[in-house]
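Asker: Put chain B on the given structure of chain A with help from the hints.
There are 2 protein chains.
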Amino acid sequence: MCPPALIPYKPRNPKTRLSSLLSLEEREQFAAAMLEDVKVVVRDAMCSPVLVCTELFDSEDVQVTISDTDLNGSINAILPQNVGPTLIIMADLPLADTASIRRLLSTEKDLAIVPGRGGGTNAIFMKEPRKFHVDYYGTSFLKHMKIATDAGLSVEVIDSFRLHTDIDEPEDLVELLIHGTGKSRAFLEDLGFALSVDKGRVGVERKR
Amino acid sequence: MCPPALIPYKPRNPKTRLSSLLSLEEREQFAAAMLEDVKVVVRDAMCSPVLVCTELFDSEDVQVTISDTDLNGSINAILPQNVGPTLIIMADLPLADTASIRRLLSTEKDLAIVPGRGGGTNAIFMKEPRKFHVDYYGTSFLKHMKIATDAGLSVEVIDSFRLHTDIDEPEDLVELLIHGTGKSRAFLEDLGFALSVDKGRVGVERKR
Chain A
1 MCPPALIPYK
11 PRNPKTRLSS
21 LLSLEEREQF
31 AAAMLEDVKV
41 VVRDAMCSPV
51 LVCTELFDSE
61 DVQVTISDTD
71 LNGSINAILP
81 QNVGPTLIIM
91 ADLPLADTAS
101 IRRLLSTEKD
111 LAIVPGRGGG
121 TNAIFMKEPR
131 KFHVDYYGTS
141 FLKHMKIATD
151 AGLSVEVIDS
161 FRLHTDIDEP
171 EDLVELLIHG
181 TGKSRAFLED
191 LGFALSVDKG
201 RVGVERKR
Chain B
1 MCPPALIPYK
11 PRNPKTRLSS
21 LLSLEEREQF
31 AAAMLEDVKV
41 VVRDAMCSPV
51 LVCTELFDSE
61 DVQVTISDTD
71 LNGSINAILP
81 QNVGPTLIIM
91 ADLPLADTAS
101 IRRLLSTEKD
111 LAIVPGRGGG
121 TNAIFMKEPR
131 KFHVDYYGTS
141 FLKHMKIATD
151 AGLSVEVIDS
161 FRLHTDIDEP
171 EDLVELLIHG
181 TGKSRAFLED
191 LGFALSVDKG
201 RVGVERKR
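Sequence lines, in order, name chains A and B.
Quick note: the first sequence uses our numbering, first residue 1, plus one each step.
Quick note: the second sequence uses our numbering, first residue 1, plus one each step.
FYI, nobody ran anything at the bench for these hints, they're computed from the structure.
Misleading hints may appear alongside valid ones.
One copy or two, either will do: identical chains are not told apart, so a pair holds if it fits within one copy or between any two.
[As the list claims (entries may be wrong)] Using 20 angstroms as the maximum straight-line C-alpha spacing, the simulated SDA-like pairs for lysine to any residue come out as follows:
#1 Lys143 <-> Ser196
#2 Lys199 <-> Gly116
#3 Lys127 <-> Glu156
#4 Lys131 <-> Val204
#5 Lys143 <-> Lys199
#6 Lys127 <-> Ile78
#7 Lys109 <-> Ala99
#8 Lys199 <-> Pro14
#9 Lys131 <-> Glu205
#10 Lys199 <-> Asp70
#11 Lys183 <-> Val197
#12 Lys199 <-> Ala33
#13 Lys109 <-> Glu156
#14 Lys131 <-> Gly182
Looking at chain A on its own, in the form it has when it is part of the complex (with noise of 0.2 angstroms):
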């Protein structure tokens, strides 16, 4: 069994509350090599991963869903399709490691949810799709979990720091640095991202 796993993705202009350290055309990579991390993970994950995009976006190697509405709608078109257990995971997450995934899929619940920092979703696997929609932006980590409840449907809500921990802002990036594995982290450190250290406060650096 390979479930979907769902992977909103915005290749065009992403991720600019990084704008300060890294140009568009760094940002628009960096993103791709997020993705490419969270692609492995889910695949070793026994997922297969299908982009969901609101613009034109072509990949070699994924299944891509192109949708003109916006993230609540496009994915909202596609659950009430799936029959089997379905993953939404967001391509922000370099940190996810097979393990946490893992610990998604196997819930024994009817549903699992990870809350993103400040309130976000970072990834729901849902058993029966059908009877779930979502509603992202603002705390919708709460707005899903209500949605649950309101649908009858019993949730875990895992405990993973590698799949709560989104990218979006600097300080993120001490994150990727410290904890990271993949194509992001070595993506930054290609580019001379490096941690540093003032005052025992931990940020980074990017030396070139």
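Answerer: Then chain B, alone, in the frame of chain A:
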């Protein structure tokens, strides 16, 4: 078997990075509330809390060790005296729950460690504390991994956002208001703190 849980604790002028939101007295009360939350889950996980303070402090219900050296000196004076398994856990982890502590305690390795956000170390469980020593501040997680490797100790990194999330900065309060269940969340709510959503991003606001 009730392993000691060493909890470093600073009763006076704690959490200075929250000074923009909380008065000195409120910060001391908030730190005490977080400590209470940690003590509850540590006891539920069958550990015996021992406060490690570098200034005089009196507690009615917990053993207190007072040392006039710094955090590293205090802990490193205690570890060689402990013959059995020992836990070190920070006092500012109000999202800790019994399940996450049990994952630490049930490791099959010599040592289990939980990284904190920004390269810190939030908890360490040692089966043979005499073989280990701590080196906090800066990228202590990486330092502790190296100390363990140099000592020939096998290590498990525990993947828990509940133990990863230390409460230091104003934005960390978002996590507590979403995922907290104990006294420290109630303390914040009693002060008038609530979640706020502005342009899709989640923060906290103080209403009174």
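Asker: Next step is simple, just say for each hint if it's right about the structure.
Answerer: Outcome of the hint check:
no. : hint              : verdict
1   : Lys143 <-> Ser196 : between (37 angstroms within a copy, 14 angstroms between copies)
2   : Lys199 <-> Gly116 : between (28 angstroms within a copy, 17 angstroms between copies)
3   : Lys127 <-> Glu156 : within (12 angstroms within a copy, 30 angstroms between copies)
4   : Lys131 <-> Val204 : neither (43 angstroms within a copy, 32 angstroms between copies)
5   : Lys143 <-> Lys199 : between (39 angstroms within a copy, 16 angstroms between copies)
6   : Lys127 <-> Ile78  : within (14 angstroms within a copy, 49 angstroms between copies)
7   : Lys109 <-> Ala99  : both (18 angstroms within a copy, 17 angstroms between copies)
8   : Lys199 <-> Pro14  : between (32 angstroms within a copy, 17 angstroms between copies)
9   : Lys131 <-> Glu205 : neither (46 angstroms within a copy, 35 angstroms between copies)
10  : Lys199 <-> Asp70  : between (43 angstroms within a copy, 16 angstroms between copies)
11  : Lys183 <-> Val197 : neither (24 angstroms within a copy, 33 angstroms between copies)
12  : Lys199 <-> Ala33  : neither (32 angstroms within a copy, 28 angstroms between copies)
13  : Lys109 <-> Glu156 : within (6 angstroms within a copy, 27 angstroms between copies)
14  : Lys131 <-> Gly182 : neither (35 angstroms within a copy, 32 angstroms between copies)
When the structure is compared with the earlier hints, violations turn up for hints 4, 9, 11, 12, 14 and for no others.
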